[in-house]
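Asker: This is what each chain is made of:
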Amino acid sequence: MRRLKRVPKMRHFYIYSVLFLLFLPIFILIFFSFNESKLNAVFTSFTFDWYVKLFENSDLLDAFKNTILIAVLSTSISVVIGTLSAVGLKKFTFKGKSLIDKLIYIPIVLPEIVLGISLLSVFALTNLELGFGTVLLAHISFSVPFVITSVRATLFALPQNVESAAVDLGASRWQVFWHVTLPLIRPGIISGALLAFALSMDDVVISYFAAGPGTNTLPLYVYSNIKTGISPDVNALTTLMLIFTIIFLALSAHFQSKARAEREL
Amino acid sequence: MNQSPAPNYPQGRKFDVFKILFTAPVVIYATALIALPLLYIFFLSFLKSDNYGGYIFEFNLENYGAFFDSTYLGIFGKSVLIALIATAICLLISYPFAIFLRDLPERRRNFIMKLVMVPFLTNSLIRTYGLITLLRKHGLVNSALLALGVISDPLNLMYNNLGVLIGMVYTLLPFMLLPVCTAVGKVDQNLLDAASDLGANKFQRFLKIYLPLTRQGAFNGALMVFTPAIGYFFIADILGGGKAMIIGNLIKNQFLTARNWPLGAALSIIIIIFTFLLVRLYRKIGGNLDELGGS
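Chains F and Z supply the protein sequences, listed in that same order. Residue 264 is where the first sequence ends in numbering that gives the first Met the number 0, and the numbering goes up by one at each step. Residue 294 is where the second sequence ends in numbering that gives the first Met the number 0, and the numbering goes up by one at each step.
Quick list of in silico lysine to aspartate or glutamate cross-link-like pairs, DMTMM-like style, CA-CA up to 20 angstroms: (1) Lys37/F x Asp48/F; (2) Lys18/Z x Asp100/F; (3) Lys283/Z x Asp100/F; (4) Lys8/F x Asp102/Z; (5) Lys207/Z x Asp192/Z; (6) Lys52/F x Glu35/F; (7) Lys113/Z x Asp201/F; (8) Lys18/Z x Glu162/F; (9) Lys89/F x Glu290/Z; (10) Lys64/F x Asp201/F; (11) Lys242/Z x Asp68/Z; (12) Lys257/F x Glu105/Z; (13) Lys96/F x Asp289/Z; (14) Lys113/Z x Asp102/Z; (15) Lys101/F x Asp289/Z.
To be clear about the criterion: a stretch of chain Z counts as covered by chain F if any three or more of its residues have a C-beta under 8 angstroms from a C-beta of chain F, and this derived list gives those stretches: (16) 97-103; (17) 116-126; (18) 261-271.
Calculated directly from the structure, the hints in this document are not laboratory data. No residue lacks a Cβ here, since even glycine has one placed at the ideal position from N, Cα and C.
My request is simple: use the sequences and hints to build the entire structure.
Answerer: Structure, rendered in structure tokens:
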């Protein structure tokens, strides 16, 4: 009997150890955001100074603003393109469809660096000036496939007869899409959007190639400062962002489960 | 999942606004932002560099020949090796995690899976920067090991290949955890119970039941760990300290410092071929492309 009780404890221990290790670098970043010393090495004394200084560092704030703006814009555009595409690829046949169907998986499986340099080459070829616009285009190019696959998953799980029933009852194609298909695939759209947003916030490699010397995003700011040492205001900003995302995730989970509970009533 | 049922919107007139709205975006997107860039670097890979960032229009295979130069081949081999070891370590961590997670109550399980996603929301470069504090000579890991008396001299955990490997595992582990946990979660409990009743021990259950039934999930994760790992130049830069170059650094240098785009393009084409072979293998074992990348 004793052994039976001990095994699950070992299992818990393993799971929480992996999680702890996964979070350790983030915990350390948070810890040193309260450190008075500019070096992320020895904890000298507790301070909130970096949270104040953060708002005086215009370069960092600018990078933060660009990062958020690009993430929001690229997510919104990718969600529209991705949703239309997923529905279009399922409902219509057209010339070259089987090729398009293969092409959309390329950004998912290809190392980001290859996509990054290909886009950079085309931007150079077409004389597009590197900057905010090219980073946005690049983020759209790697986000759309994730929205398509996510929407597609819910689309294929839809009961076929719901749409046919709407058609039988006299709904036009627009009405079927707007009032039947769209509400039903909403979970896929939302998870696709979350994925696109997270990917955009996390991206380093593609932004690195698509951004010109003038555009500053958070990862590029960190990358260019890492050799000389990064001041703890970056830690403070990371901490604040983490708090906001956790609150956002908790709220969305809360509302989702509430909506589910209401539907089931 | 891949074969679509017959399209159930009527195929309308020749000029069908509805159809155009749903098909034009994906055609434009896939052509302009995927096909065109890849075709263009394929074309570039056969040109000659003028060493000033431009090219001479002279068809040649020299760039591909340069790949077989011992320096490049060495870096290529080392990157593949680091990526393979990182993939193997991620697999070794993920399987016990997924199997133990199966037995937890559903709510706890969902909560833990959400926690696994959270590091994604902090930029991977910033997380890598956080690792420096852990791994450097007088960092947390060495201090802890010294204090415990496990080691008498600090270990060199970064500015070498080991540092790059640790960085890859850290950054890419969630990409393995998610598909493996999903696949292991779907294994039928009855099969496991039947195996135990017939006298299979834990190890046999893993080999004969979990492994065959979850190999698609595992390969999905492996693809998602392996392919970024050969390109993440920033991890090699930060934790390898310039001494540990991987293919990603090599390509980056051709495009941004050496200004030899045709060579960089040829190296990228080799990676593309390599990746496509892996994807074919994934399809061959029955993997679904729609499940790649965590959807």
